[in-house]
Each structure stands twice: as C-alpha cells, then as structure tokens.
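Single-letter residue listing:
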Amino acid sequence: MSRSSGSSSRKRGRPSSKSGATNPLKPPFFKSSPFSDFGSYMTEKNRKFRDQFETDASSSSHGANLAITDGGVSGVDSQGIFKGVAIFVDGFTVPPSQELKNYMLKHGGKFVNYFSRHTVTHIICSNLPDSKRKNLRAFSHGLPVVKPDWIADSIAANTLLSWVPYQLVEYAVTETSKQLKLSAFFSEKGISRSHHQGILIQNETSLSDKCKGESTELTPSGTDNFSQENSQESKHIDTNDELKDVKSESEEDCSTSYVAGKSSDHLNRPHSTLTDPNFVENYFKYSRLHFIGTWRNRYRKRFSNFLSGTGSKNNNPNNDTENLRRIVIHIDMDCFFVSVVIRIFPDLLDKPVAVCHSNNPKGTAEISSANYPARSYGIKAGMFVRDAKARCPHLIIFPYDFSAYEEVADQFYSILHKHCKKVQAVSCDEAFLAVSLSLNDNPENIAEIIRKEIFETTRCTASAGIGENMLLARLATKSAKPNGQCFIPLDKVNEYLDKLPISALPGVGYNVEEKLRMKEVETCGQLRTISKDVLQKDLGSKMGDMLWNYCRGIDHSAVEAVQETKSIGAEVNWGVRFKDSKDSENFLMNLCKEVSLRLHGCGVQGRTITLKVKVRKKGAGEPVKYMGCGDCETISRSLTVPGAINDVDSLHRIAKQTFASFHLDVKEVRGVGLKLSRLELANPSRKGIEESRLELLFSSATRKGKQPVEQSCSTNHSREDAPSGACPSSSSAVSQGSNISELPPLSHIDLDVVRNLPPEIFLEMNGLYKGELRKILESQQQEKEYNSESVERKDCRQQDQEISTRMQRVLEPSEASCSKSNYCKSDLMPGSLSQVDFSILENLPDEVRTDILKQLPPHRVENQFSESSKSNLSLGSHSKGFEMLRVQNCLLSEFLLSNATFLTPNINPSSEEWDAIVVNSCEFMKEYIRQKIESDIEELYNCFRLLKRLSSKSSLLLELYDRTLPLLQASIGEHYGGKIASLV
Amino acid sequence: MDRKNQSPQGQTAKVVVEFLEVAINCIVFLKGFYPSRAFERRRYMNVVVNKARHPQLANYIHSSIFALLPYIQKGLVKRVVVIFYGQDQVPLEKFVFKLTIGQSYQSSVSEAELEFALRAFLVKLNVSETIAKPLPSGANWEITANFRELPSQENEGEEAKLWVPTDTKQWMQPSEITPIKSMDSNPLKLQLYMEHPSVTEQKV
Chain A
1 MSRSSGSSSR
11 KRGRPSSKSG
21 ATNPLKPPFF
31 KSSPFSDFGS
41 YMTEKNRKFR
51 DQFETDASSS
61 SHGANLAITD
71 GGVSGVDSQG
81 IFKGVAIFVD
91 GFTVPPSQEL
101 KNYMLKHGGK
111 FVNYFSRHTV
121 THIICSNLPD
131 SKRKNLRAFS
141 HGLPVVKPDW
151 IADSIAANTL
161 LSWVPYQLVE
171 YAVTETSKQL
181 KLSAFFSEKG
191 ISRSHHQGIL
201 IQNETSLSDK
211 CKGESTELTP
221 SGTDNFSQEN
231 SQESKHIDTN
241 DELKDVKSES
251 EEDCSTSYVA
261 GKSSDHLNRP
271 HSTLTDPNFV
281 ENYFKYSRLH
291 FIGTWRNRYR
301 KRFSNFLSGT
311 GSKNNNPNND
321 TENLRRIVIH
331 IDMDCFFVSV
341 VIRIFPDLLD
351 KPVAVCHSNN
361 PKGTAEISSA
371 NYPARSYGIK
381 AGMFVRDAKA
391 RCPHLIIFPY
401 DFSAYEEVAD
411 QFYSILHKHC
421 KKVQAVSCDE
431 AFLAVSLSLN
441 DNPENIAEII
451 RKEIFETTRC
461 TASAGIGENM
471 LLARLATKSA
481 KPNGQCFIPL
491 DKVNEYLDKL
501 PISALPGVGY
511 NVEEKLRMKE
521 VETCGQLRTI
531 SKDVLQKDLG
541 SKMGDMLWNY
551 CRGIDHSAVE
561 AVQETKSIGA
571 EVNWGVRFKD
581 SKDSENFLMN
591 LCKEVSLRLH
601 GCGVQGRTIT
611 LKVKVRKKGA
621 GEPVKYMGCG
631 DCETISRSLT
641 VPGAINDVDS
651 LHRIAKQTFA
661 SFHLDVKEVR
671 GVGLKLSRLE
681 LANPSRKGIE
691 ESRLELLFSS
701 ATRKGKQPVE
711 QSCSTNHSRE
721 DAPSGACPSS
731 SSAVSQGSNI
741 SELPPLSHID
751 LDVVRNLPPE
761 IFLEMNGLYK
771 GELRKILESQ
781 QQEKEYNSES
791 VERKDCRQQD
801 QEISTRMQRV
811 LEPSEASCSK
821 SNYCKSDLMP
831 GSLSQVDFSI
841 LENLPDEVRT
851 DILKQLPPHR
861 VENQFSESSK
871 SNLSLGSHSK
881 GFEMLRVQNC
891 LLSEFLLSNA
901 TFLTPNINPS
911 SEEWDAIVVN
921 SCEFMKEYIR
931 QKIESDIEEL
941 YNCFRLLKRL
951 SSKSSLLLEL
961 YDRTLPLLQA
971 SIGEHYGGKI
981 ASLV
Chain B
1 MDRKNQSPQG
11 QTAKVVVEFL
21 EVAINCIVFL
31 KGFYPSRAFE
41 RRRYMNVVVN
51 KARHPQLANY
61 IHSSIFALLP
71 YIQKGLVKRV
81 VVIFYGQDQV
91 PLEKFVFKLT
101 IGQSYQSSVS
111 EAELEFALRA
121 FLVKLNVSET
131 IAKPLPSGAN
141 WEITANFREL
151 PSQENEGEEA
161 KLWVPTDTKQ
171 WMQPSEITPI
181 KSMDSNPLKL
191 QLYMEHPSVT
201 EQKV
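Protein chains in written order, with the UniProt record's numbering: chain A, 1 to 984; chain B, 1 to 204.
Okay, chain B solo, but in the shape it has when bound:
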C-alpha cells in the first residue's frame, strides 16, 4: 500500500480506493456471482463486509482499483462501474460509483468523518440485494472506469498499464437508475447507484 502520498487528495483518494475495493467485494458477494464460501466475513469501518478469499479474485479487485489511485488523485476518474453482463456481453446491471474529488479545496474532511459517510454506503449496499436483478447463467462481470480524459500512457507507472480500454457494449436506450447512496462533502463527492436497461431495451 502506498502511504506516502500525504496531500489531502492523496489521503482521500487512498481512503476512496480502499473503500472501493471493499465495496466491490461486497457487490460481487451480493450478486451471488461466486458461492458464498468464496468470501469471508470481515470488519471494515466497523461494518461487517464480505471479502473474497480466492486470491485471484481478491487480487483482481485490489489491483484494478489500486491501479486507479493515481488517476483518482488527479481527479481524472469520473466513474467506477461494476458491470454485469449477460452471455451476449450486453450489460444487465451496473453498479456505478460516481466520484468527484475536488482539487482546489485544500482542507480535507477528517478521516473519521469520511469513514462515517462511507460506512453508510456499505450499510446501504448490504441491503440493496432486492434492487439487484438475478443474473442469468453464463454471466460475467468486470470493473471499468470512466475517465474524464484519456490518460497519457507515457507518464503512468506500471500499475496504470493494467488498465485497458473496454469494449463494453452500450445500451441503446437510456437506462433506469436506482440511486443507492450519495454523499456530498468536500473534497469528496460520491454517489452510488445502479443502472438497469430500460424495459424497452430488454424487450429488444
């Protein structure tokens, strides 16, 4: 873990990244994509969460999210999306973390406050099972990130190269959005919502 970066954005970004890792673990568990045995109960921010035990899975989530850290610090990352596909690579469900880290505001919210706010996400996430749609067999999932601008490859380090452009198909119709949790603070603004294809899209 990179703990050297002590700037407010760095601090916040680090917290966010940690949070995202845990949250994605939870989402995956929530979706029942893997058997529940593959997860273990952990305590994070004093909330019971499930963490993947399988090293590959854990590593995938961890590495991909931590690869985002520099971009998040710079405020380049607009969204972090967990997409579940059906067999035809058409997204069936998206968990969107829309995040904005203010760059100008220097004084950061204290870590405790931030944790408190983020914990609410986890709590809410844990009870959002009902909103989620059951996945068909043969489904897949991936973590994607939407950038505000394309990062210049040259300047980035090794971790950044882990990220590749995605070829995820887009929905033709506007999606249906179900907000789960939002927080609005300085410097971090974070929203979590789910997207589903609209009814008409599904019929098509």
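So here's chain A without its partners, still in its complex pose:
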C-alpha cells in the first residue's frame, strides 16, 4: 500500500463523472506541453494513471499471485480474483477509495480514476444523492452500482462473489418501487447490463472457444429455433464487444448472453397483464408447469394404442400367477429439464447447469431444475436465480426448450411401452411399470435394459427403483439417483425403511413431519412402533392408515395405465396486475379462452366451475419475486351448473359473475385460476337440447318483459328447466343466456319477476345488465315500501289471484306438461296448510312462500268470488289463454270460443295424466258454476252449449260436459226452479 499514491489521489480530488469540472484550472500549467487540447490532455493523463497503476500493481501483487493458483492462461498483471473488474469509486466510501485502489492493485482488478462506461465495469459507492438515485440509469450507464463491501468480502472469501447482494440498497428500492412500469427495463439496456455481468463473473477462458464452436456448429441445423437464436445472439455480442478483451468471452458469458437474448425477445414483450394483451397466451407458452400439466393429454393421445391394452411383446399374458411375481419399477429421468437441454453439450455434463426462464443474475426467476453438479453447490429447484448465482457464480443457465422435452418424453415413453404393457405415467419424465417376472428372473436386468436404452436413445440418464409395490419402487429410486438403480427385495424392506426419514415417504409434508417430530419420530423404524389407532387419532384416519402401511412398506395402490382427468383448468399467479375492472375482464376472458381450449382439447365439458383468486394480503409489500404473487390470500368459489359447459362465453360469464361476487379491488389481485371439474364427455347432441332449453327460457323471458301478467308463467318455465334438480340453479339460466347475445332492454324486464328469481339467476342477470338491475330494484323497493300502505288494500285482491295461480302450480307441478286443455280451478287453495306440498312450497321464492302461507286460511274461509276473480282461470301454463283471461277479464265461454282449436289435446284417455286433467277441469268447472249461478246463467249456458258443441271433437270436453252438467242443472233448479233448456 503506497502512501504517496494515496495523497496524490486526494490532491486530484474525488473522481467524479463530471471530472471536467476540476480541469479548467489545469491547462495554464501545461501551456508549453505537447497537448493540443483538453481531450488529448485527458487521454494522456489517463494513460499516465494506468501506467502508474500497473507498475504499482506489478510490485504489489506478488502475494496475490501466490495465493491464487486457479485461473487460466493470462498475464501476470491481470491475475487475481478481480481479473476483468474495473471499478470506479464515486464519492465517500468506507473503506476509502485509496484503499479500494490498493485492493484492486493486489488482486488483479483495475481502478479507474475517471469514469468511462467503456472501461469501468462496476461503480462503487456507499450512498448516492437523491438526484442520482432518481435517475440512476443516467448515472450508472447501466453498470452495476455496488457497495464497497463487495470488494472487501470478495477478498475475504478469496473469490469473486456475486455483486448482486451488494447492490446499493437504494438501487434495489428504486427498482422495486418502479416495478410496475418496468417493461422498459427489459429492453436493450437490461441486456447490455446482464451482458456485462456475465463478463465479470467469468473466470474460465478455455471454454469460450468451444462454446462458440458449438454455436456455429448449430447454426447450419437451422431448424432449431433455440440454436439459431443462440448463434445469432453470440454474433451480436461479438460485434458489440470490440471494446472488450476477446479473452473475456467465456462459456459463462456465452451462455449468459444467449439467455439474455432469449429473454430479450420474450422480455421485450410487455410483461404483465397491464401491458400485454396476449398475456395469458404467452404466459402459458413459456410456462414449465403448463408444459407438465398438458403433457399428459399429449401422452394419452400419442400412446392411446398402448393404453388401450393391446399387449406388447414383453408382456406375458399368462395367467399362471404362481410362477410369476409382480414387480413395480419406478423410472425417473435424472434432472430431466436440465439433462434434456444439455444432452447436446456433452462438455457441460460435469458443470453446474440449471434451467430457468431468465438468466438475469439478480433476477427473481425461479430455477426449475438443476443438475447434480449444480446441486452440490446447494442449488435447488425453486431457488431464485440471484441466490443460485450467489452460491455458484459460474452456474450456467439455460432457458426451457419445450420441443426438446416433448421429443425426449416421447422417446422415453416409447421405450417404456416397448418393454412393458402396464405403464402408469406420473409425469413427462417419471413412470411406474408393472412387470410380471418369473421367480428366477432378476428384476434388475430389465431395469438395466430399459435404462440403457433410454440413455442410448435420448442421451439422458434415468434412474430406476425396483420394489414389490409402488411405494418401495419410488423410495428405491431416491437411493438410486443419479443414474443408478436400486432394488429393494422383500426381505430387505424393513432394513431399508428403518433408517428412512419419514419425510421421504410420499404424502408426508411439513405438517405431518412436524407433528411426528413432536413425538420424536423421525424415521420409519420409529414410526413403526406407534400403533395404527394412535396414528389415526393424531393425523386423521386416512393419513394414519396410510402412514401405518407405508412405514411397513405396504402400498396397495396398483399401477394403472389410465388415470381419469378429474379437472381441467388454468391458473396464472405471476405477472397479474390490473389497473381497473376492464383489465380484469379482459384477463378473465383470455383465461376462459385458455380453459375452453383445454377442455376442447380433451373433448370434455365440466359442470363445476371454480374460480380462484389470489389477493394481496393486507400489509404485504411488493413481492420479492419480480411480478410474483407475493403474500396472498386465496379466495375461491365454485358454482355447479346442471348442464356441462365448455364454451368460452358461458365460462366467461360465470367467471365474471363469480369474480364480481368477490367484490375485490382489482388492483390487489395477484393471481387468478379457473378450473372445471365434474367433467363429462362433450356430446354435441346434448348441446342441442341445452340450447333449445335456453331458447325456451329466453323466449319466456322476453315475453315476461312484455306482459307482467305472465310472471308466474315464466317463473314456471324456469322451474321446468331443471325438472330433476331441486333448485332451479343458475346454471341453466346461465348457460342459456350465453347463447343469446341480445338482452331485452331493461325497461322490458318485469321487476316482479326479477325480484322473485333465485339469487343466482338474479346475480347473473344483474351482471348482464351491469348492475343496473339491482339499482332499479332497490329504488323500486323503497318506493314500494312508501306506497305499500295505500296500495295494500287494492293489491289484496290482485295478490289473491296471483297466489292462487301460483298455488295452482304448487299443487299441480305436472300440470304444465299437459297444459293445453287443463282448466285450472282458480281457487284450488287447500283448506289448510296440512294439504300443501311443502317440498314444492320450499322451492318457491321466499316472498311467494310467505304470501301463500299468509293467504292460506282466510282465502279458503271467505271463499268469495268476485267479478274479477273469474280472471283467475288459469289454464295450466297455457300462457296465451291464461293471459287473455286475466288481462281481458273475459269469460270462459269466450275463451272456449276463441281457443276451440287448441282444446284438443293428444292425450291417451286411459292415462293417469288424462284422469288428472279431467278431475282438475271438473273441479274448475264446478267452481265456475258455483260462482256464476247467482249472477250469470247466461254465461254458464253459453259455456255448456260451447262445451256440448266442442265435445264432438274432444273426448276430454265431452267428459267434462257430462260430469258437470248435472251440477249445473241442479244449481239452476235450486236458484231458478228450473233446468236449462236444450242441454238436457
């Protein structure tokens, strides 16, 4: 450490990006110097500094040379952990800049006095003024701004640590606070920066050539996007890098840059739901989980011929089980996602490699798979890239290559199916095989053959576990990995399990493990000492039973070729940010499209729709993971519809409705998932029925808009729609509406009907009218309350009618089907509640029910027929006639006259239905007679004359006439002392 250099540094002032500020003072001293201008002066000055620095370095770095022995062929002066690092110290730092300079001298780094973005790789500073903080990029030119601790710690660790954790805190804060607007962040500058980082971390030069060689080698193949991109990207970097030492191109750099390149084209995309109209689509395009999730369908399609059970050669159809034993082999590819990607780079086999979306070394992308060398650094799946890079700076990160995965998975399964008939696919890289072997066969042989073939075909290794059942096979695989196989024979099971930690058992999660740890149980051997009862008591009967079996190596589950798909859905928990409800609606629409596509892909429809929403927990800050969901509360709600659906519109409407029912602030939404369960095969013919049903409902809905009187008819319709279900559930209404794009105008809606709708349907309708409906209803409700006093009296009669017509339905639910000729007696109100069918009553809307209950006893007692009550003649659900009678207050005779043509039902006279109609009609007629006999025999006379005339056409009317005429005559006799002439 040289004191003189320290003092000289101070004299020159603190280096600053605005270094020119101090310079104007200097020129006078150099008037006679050869510098023609300020620029050449600065060049000269910098050169002088560099020379000084290098002489200093050569004199002071001997110790460092001794300490550092790894590293490749390079100049003596640039050896050391900071090779390739050029720092620029800005402002006051602890340790001071002079000390930092000395560190650089000692460890092969460079110290730059005047900032230049071409020479500097890192900016070191302890704090920043506010203006620079706000405009960081202008200040840093995209270079990392690092705390001086980085240098100190790196020296202490004697290795170049990742600078990521040492970023100036303010820097990180600024970034996260800007998180929502970061699409710009991913454009060129971001790449160039990550590019620089790549260079800095590299310390192996030998590989760079190879890597380049590979990329050029790959280019001609051309078909592979991946390699094309790779090579293009490398070229791109080469051209950009003229300022850099060519040697600094390392494998690390290479891989970084192409990942950056890869990410540049997908990161250049707007990056959240906020900015990307096709977010959902892209999300799933790049999602590994989605790949795994949808892989099964692909698999099923591809291997359906195997799955259907046409045997393969190896399978012994011999039923002679005595000479056979069944063995389960569990085959699992070793770090599938990595090994598939690097199978074409044999050199990388022993290098730490991981697969991840993004290679941004300080990014929060999660590593999805890491190979065994990488795992030895403690890198695990699910780790953020920046943490992984901190543990292993030379970790190579590859992007996904889904087409390669598909290819390898297909090869993998082809091999499995070739050797065994019964294959249970667990995932794209994992399967169970059920093999029947004769007693003297060694099961390890077949596993050996399969593994060998897999390796030869795919150049990826697989491990196999062999056991008597699926559990043992799976456990054996764990000990077999990597690239090995393990056989647990029956007599070794206990021995094997004794030492096995319980957490290794499938189904044992954190909770169970914790509970058992309280009992000081950590291995299966210890678990075996606990009785089944105790286990079941502590962990629930199912779990207890399972554990009891598992720790004894018992597993009854069988290898099954085909597993039913239970549900289909899609969920997005990353990048979900909504500004307003429009965003969320669009997003839902896209999600529904995705789900619908998946449903169509599988040829199924679902009846239960579950919407899951992740909402930012109160007080939770922005997630650590960029655009991640962070700390969330999950809300979910499901709705079962009677008819299975898979079309986008229905899904969207239900999803929208459900989403609205959460009443969420869309800004807080962090994830949305939509799932359909209760799947059934899509059947086009069913669909037709569904649609016609919808039309029925809808037509009645429009009718009800026109004519309030029809209310009971239309509600009745909706009830008919779901004849089997106890509830007229929203679904039918829902799915129905879906196919109808036009809504009746709000003014045409009969609010009484609306009010009496089941809540689900109401919600749905309300949704369709964007909440207007509820508003109107509420305002009406108030009005009604205001008026109710005065109106009550008047309404009473009207209500009576309504009630009785409804009651009519209550009493005769089947009537609708045979409505045409069915004269419903208006006052069929039972004399007491005991005669009411309560199951039907319960299904009525609350309001109606209470009305009925209120009306019941007095209605009967009064038994009073007013002029207007003749309009009660509800003729079943023959809405036209019914409506006419009510609206026009007309007489039965007129009705008969005008509807003569309708009154000829096609009902078998012997059927029960027919009897019911006749009885009902007679009851009605008798009541009508009773009602009219005092005041209007003319009407009765006309009715009967009409009946008589029509009875020639209709056996029903004849029956009716015959049955009621005696009463008429008797009544006439009673009241008028005679008989009606010409009817005798």
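What the hints contain is simulated information worked out from the structure, not anything from laboratory work. Any given hint could turn out to be false.
Sample of chain A residues lacking proximity to chain B, with all beta carbon distances greater than 10 Å (derived) [to be verified]:
no., residue
1, 152
2, 441
3, 452
4, 537
5, 569
6, 618
7, 628
8, 938
9, 977
10, 979
For lysine-lysine, the following DSSO-like pairs were computed, each having C-alpha atoms within a straight-line distance of at most 30 Å [claimed, not checked]:
no., chain 1, residue 1, chain 2, residue 2
11, A, 926, B, 189
12, B, 124, A, 948
13, B, 124, A, 926
14, A, 618, A, 675
15, A, 948, B, 74
Built from N, CA and C at the ideal position, the CB exists for glycine as well.
Starting from the known structure of chain A, arrange chain B on it as the hints suggest.
For chain B alone, kept in the frame of chain A given last:
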C-alpha cells in the same frame, strides 16, 4: 217521473224501471200479442225499440212498473216476470227479469255504463223471437213481481196499492230455462231469461 231521488240506488232503480218498461213493451211486441200496428218504433238507448201506442196498454205497463220503483229502490223486488198464459191460466211462457240492487255499495256505475249494459239486453231481446213459443189463441199476459218479503201496505203510497197479489198457477215440474242476457255489475245485477214448462209438464 220522479226524479227527486238522487241516491245511487234511486238512480239505478230509476234507470232499471225505465229499462223494464221499455223491455216489457218489447216483449209484448215480440210475442205478437197485439198487432204490430199497435206499436211504434222508438229509439231508446240508441236501440230501436217498439213502444205500445195504445194508451191503455202503455199506461198499464208504465204504471205497473213504476209502482215497483220504491220496492226496487229498497231491493225488495226479486224478480219481475212477464207471464203469458194459455186459456187455462196456466203459464206457457215467462220472461223473467231477475234483479238485485246492492244496498251497501255506495258508488254507482255511471249511467252511461249502465245504459251500455242494458242496451245489450234490448238487442238480445229483439233477436230472441226464435226462442219464444207461439202463443195459442185466447192467451193472456200479465206483469208480476216476486218480492223477497211482503211489503207492509201501510207505509206505501198510492202507487204501491196498484199491485195486488197474484193467483198465477205454478208449474208442477221444474221449468226449462233459456238464458237471454245477464249483467253483473255493482250495484245492479240483472238477468233476463225465459222459462217454459218442461216437456213432461206440457204433456200433462
């Protein structure tokens, strides 16, 4: 004409009485009991009706019906019947006006509405000729009224005394009824129908 009574029932009763007078005129004409020359065409409620020209006949109908007015107002009159007899004083045909005037209901139907309804009776009556049976020679006719209760003679005025108890013979068998027209309103309910002896009665 007594126009002083302005209560709803009075109003209605007055209208009814007028109507009955016209209707009975029509019935008599319809039956062809008198030569048609004895009638003149008039317009009542905008319907063409026939009115007896003979003062005695006109007076008979008018006085007897208007004698009913107080009873009708009180709602005592149940029926007003025009009976046609054969020679043996056995009724051959009855035209029955069954009327009820509600006493409790205060608000009356407007006169125009009432007229409209009553006009229907007249129209129907005019075309009911076919229902009516031809009368044998030597037939007679009278206007009778059925009361719900016997009116107390003392309280009634002069006109009431015009009415005397009838000795009309009753049919032994239930009659055959042919409704002609009914109206059902408040306060007036009115039905018009014809009664004929049953077939068995005629044979006897």
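Structure-based check of all given hints:
Listed as a non-interface residue, residue 152 of chain A keeps its Cβ farther than 10 Å from every Cβ of chain B; the least gap is roughly 105 Å. Here residue 441 of chain A stays apart from chain B, with its beta-carbon at least about 101 Å from theirs, past the 10 Å limit. Residue 452 of chain A, annotated as away from the interface, keeps every beta carbon of chain B farther than 10 Å; the closest lies near 102 Å. Its beta-carbon lying about 79 Å from the closest one in chain B, residue 537 of chain A satisfies the requirement of being farther than 10 Å from that chain.
Every Cβ of chain B is farther than 10 Å from the Cβ of residue 569 of chain A; the closest lies at roughly 66 Å, confirming the non-interface assignment. No Cβ of chain B comes within 10 Å of the Cβ of residue 618 of chain A; the nearest lies about 66 Å off, and the non-interface call holds. Separation of residue 628 of chain A from chain B is adequate, the least Cβ-Cβ distance of about 77 Å exceeding the 10 Å criterion. Remark: the non-interface label on residue 938 of chain A conflicts with the geometry, its nearest Cβ contact in chain B lying 4 Å away (cut-off 10 Å).
With a minimum CB-CB distance of about 6 Å to chain B, residue 977 of chain A fails to clear the 10 Å threshold, and the non-interface call is violated. Distance check for residue 979 of chain A against chain B: the nearest CB is about 5 Å away, which does not clear 10 Å, and the non-interface claim fails. In summary, the hint linking residue 926 of chain A to residue 189 of chain B is supported, as the alpha carbons are separated by about 21 Å, within the 30 Å threshold. Restraint check for residue 124 of chain B and residue 948 of chain A: the C-alpha separation of about 22 Å stays at or below 30 Å, so the hint holds.
With a C-alpha separation of about 27 Å, the suggested pair residue 124 of chain B and residue 926 of chain A falls inside the 30 Å cut-off, and the hint holds. Distance hint between residue 618 of chain A and residue 675 of chain A is fulfilled; the C-alpha atoms sit about 26 Å from each other, no more than 30 Å. At most 30 Å may separate the alpha-carbon atoms for a hinted pair to count; residue 948 of chain A and residue 74 of chain B exceed this at roughly 40 Å.
Checked against the numbered hints given earlier, this structure breaks hints 8, 9, 10 and 15; the rest are met.
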